[in-house]
Amino acid sequence: MRKNYSKLLSLILFFALISSSVQAQQADLEKRLEIIKQSQENLKTGQLMSPDLAEIAEGKLSIFNQNKYIIRNGEVFLIARCKSNVNALADELRTLGAKKIKKYNRTVTFRLAVDKVMQLNNCTELSYARPEIKPHAQVGSVENEAFESLKVNLVSKRFGLTGKGIRIGVLSDSYNTLGGEAAGIASGDLPGPGNPNGYETPVTVLSELEGGTGIDEGRGMIELIHDLAPEAEIFFYSAFNGYFDFADGIRALADAGCDIIVDDIIYFAEPYFQNGAIAQAVNEVSKGGAAYFSSAGNSGEQSYESDFRAVNPLNVHDFDDGEGVNFFQRVEVASGQQLNLFLQWDQPSPFFTDGPGATDDRLETNLDIFVFDPDSGALIFQTTSLNTDDNIEGIGFTNNGPDSFIFDMAVVKQSGPDPQRIKWVNFGSDLNVTFDTNSSTVVGHANAQRAIAVGAVAFFRVEGFQDRPSTDINGFSSLGGTFLRLNDNGSRKRQPLDTKKPNISATDGTNTTFFGNDIPDIIGGVPVEEDTNPNFFGTSAAAPHAAAVAALMLQANPDLAPNKIRNILQNTASDMDDPLTEGFDSGYDRKTGHGYVNAVKAVRRVIAQVGTEDLELSPVCTDDNDTELRWQVDNPNPFNVKYDFRILGTGQKGELVALPGENFFLSQTVRGQNKARIKWDIKGESKPGRATATFDFDDCDDSDTGKGLVVHPNPIRNYATVSFNSNENKHSYVNVRKLNPTAPIVLSVPVTLCEGENNFHIDFSSLKKGLYILELEGVTKKIIKK
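FYI, in mature numbering (1 follows the signal peptide of the UniProt record, and there is no 0) the residues of the sequence shown are -24 to -1, 1 to 762.
Please note that the accuracy of each hint is not assured.
With a Cα cut of at most 30 Å, we get these calculated DSSO-like pairs of lysine-lysine [as the list claims (entries may be wrong)]:
| hint | residue 1 | residue 2 |
| --- | --- | --- |
| 1 | K651 | K745 |
| 2 | K110 | K469 |
| 3 | K78 | K92 |
| 4 | K618 | K651 |
| 5 | K651 | K629 |
| 6 | K476 | K618 |
Estimated spans, in silico, between C-beta atoms of each pair [as the list claims (entries may be wrong)]:
| hint | residue 1 | residue 2 | range |
| --- | --- | --- | --- |
| 7 | N547 | P612 | 23 to 31 Å |
| 8 | A232 | S380 | 30 to 38 Å |
| 9 | K76 | N547 | 40 to 48 Å |
These aren't lab readings, by the way, just hints derived from the structure by calculation. Computed from a prediction, not measured in an experiment: that's the story for all the values here. Where is the CB? At the ideal position from N, CA and C, for every residue including glycine.
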């Protein structure tokens, strides 16, 4: 009896504790909801400036705003919307001392001294302004490991492609603010005067980082490109001088003649659900003929995405997609880690859209983020700072404390109709999050329809490296699958558009002279490398590697359109598996795209599609014809062609490579006929090519031919004068054929001979370089060279 009583007492106490805990949780919930309610009642609308600007002016930025904005040398980068006349607003801003004013529809970006910020309240044409949200680089005598892992070494050896004649534009933070360009040129890792390998065309800098010092990530990217395509001409434009300046930089590189453009930057404010100004610039230059490569991102699956589920009366989002209700998402930021979390919803941004989505120049709906202490329930931070000027809210800070920082986050609709979809992406360190959906993080211009988004694979995670059985994507490489739900003008698409990103994956973790950190010699028990050179990780490294492969493809076929480059890279890539799904994902998947770039297969596909122009074989007269003969092989293609030669009727044969232009080989002179044949076979073409030529010794004897026939100059250029003394009046032809009696006539010009001296000015511009026989029909002939 006593025992049963004790058990009953224990049960009573247990349920009392549960009831007490439930009551405490209910009280905590009511406290938090009351805070949200008061915020809604006190919400101010129609402000000209976001409160964040006042924080900046006073030097009192909240801890949750410290990683968000661009402030350099006492100037803050701003974005503003005019009431009706953007030019009038620009004039008002100039009177305040604003710099670098750029206009886009009714929006203006500019820089302003921090101590002038509060004077924006005096601008009569200002509708509202906020700080520009900062950009982010996708970082995660030196030999580049990608040269082999992407099989560029085989492309170089087999086809001799170096990127010659191709221009590549690079957008990143900075190029030479640290002053290391000269050392990179001297070591052969950058092009420029003094490059020991002869690549002396310097990088053309159209725009450098202004008002500060960068980390010169752009120079690191250029080192990677130069390793794979050393003869490509490279241009640079800093993408860190403002949102609209980034878009202008894309167009400036295209205007400079860049065939390929590559970047590794994202602005946190780029729209998730529609193309912003940067994405529109990407699509524009791609339509104009420039292939655009972008780093997919290094955020893995650090994203939450859901339909918006408002719970009345306070319109707090329900994170629980089941039968339960939970207003809070718990977030843990480990010690030393960084948070850069930005929330958006599927309504058009007034800053980038003049379409039907905006009402009275303000956003239809205002969502805010509320950050609560998980223990006390106290409000720590609220993102009312952006109010209703844009469909983005963000929190960003670095946890410098010794312990993890944990908070509860609520998403609240303050006004307007419900959005259909909400999404946040964390561009910082890995988080521990409840109700995590592990959604896509390829957003912004990398998700544009015409961008080629590139995922990252460490060189030591490639199949065959130290007998590795498969090629595996880096875990941090961003997951694709962000659907565009709005058109560029802000109207809603009939069906959300899946842009199928990333497109491909390429190598990262490779060496540079200065950028990155050296990795251990052994990783996971596998020897990786023994040098001490810094290793460049992230999709920031993968994208320029893929762009360099595209340069080799373009050299093989300069007429290759951007969509053809993309399709060939995708169709020839080595298939990879998405580690986030069960079983092997054949073909495209959202983590690896279409797979790992294979430069050899891509170039072969290009050559097979464009076709190989026939090699031309002709004999060459020398003073040693009695003992050895010289044969010329002309390769009209922009790539090397391997060929076999044989002197018919003899055992003389061999395998050689014809470089673009003139090539020569020798054979021993034999009695009788000296006839050569060459054959070549390009993989993917329907049949091998061949050419034959016979050495006619009479063609090399000027003693009885060409008398009185003069060609000046010889070697000829595009035009030359043919002179001849004739004994009669007659009609004739000046015929030109390759130095081979059986070769067809390649140029025929009718002439009228008069008794005495005749001079004919003839256009030879249609002839390719080589040796020819020029004949004055029925009279004489002469060997000429162009």
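Each hint tested on the structure:
no.: 1; hint: K651 to K745; in the structure: holds, 22 Å
no.: 2; hint: K110 to K469; in the structure: holds, 29 Å
no.: 3; hint: K78 to K92; in the structure: holds, 19 Å
no.: 4; hint: K618 to K651; in the structure: holds, 20 Å
no.: 5; hint: K651 to K629; in the structure: holds, 12 Å
no.: 6; hint: K476 to K618; in the structure: violated, 38 Å
no.: 7; hint: N547 to P612: 23 to 31 Å; in the structure: holds, 27 Å
no.: 8; hint: A232 to S380: 30 to 38 Å; in the structure: violated, 48 Å
no.: 9; hint: K76 to N547: 40 to 48 Å; in the structure: holds, 43 Å
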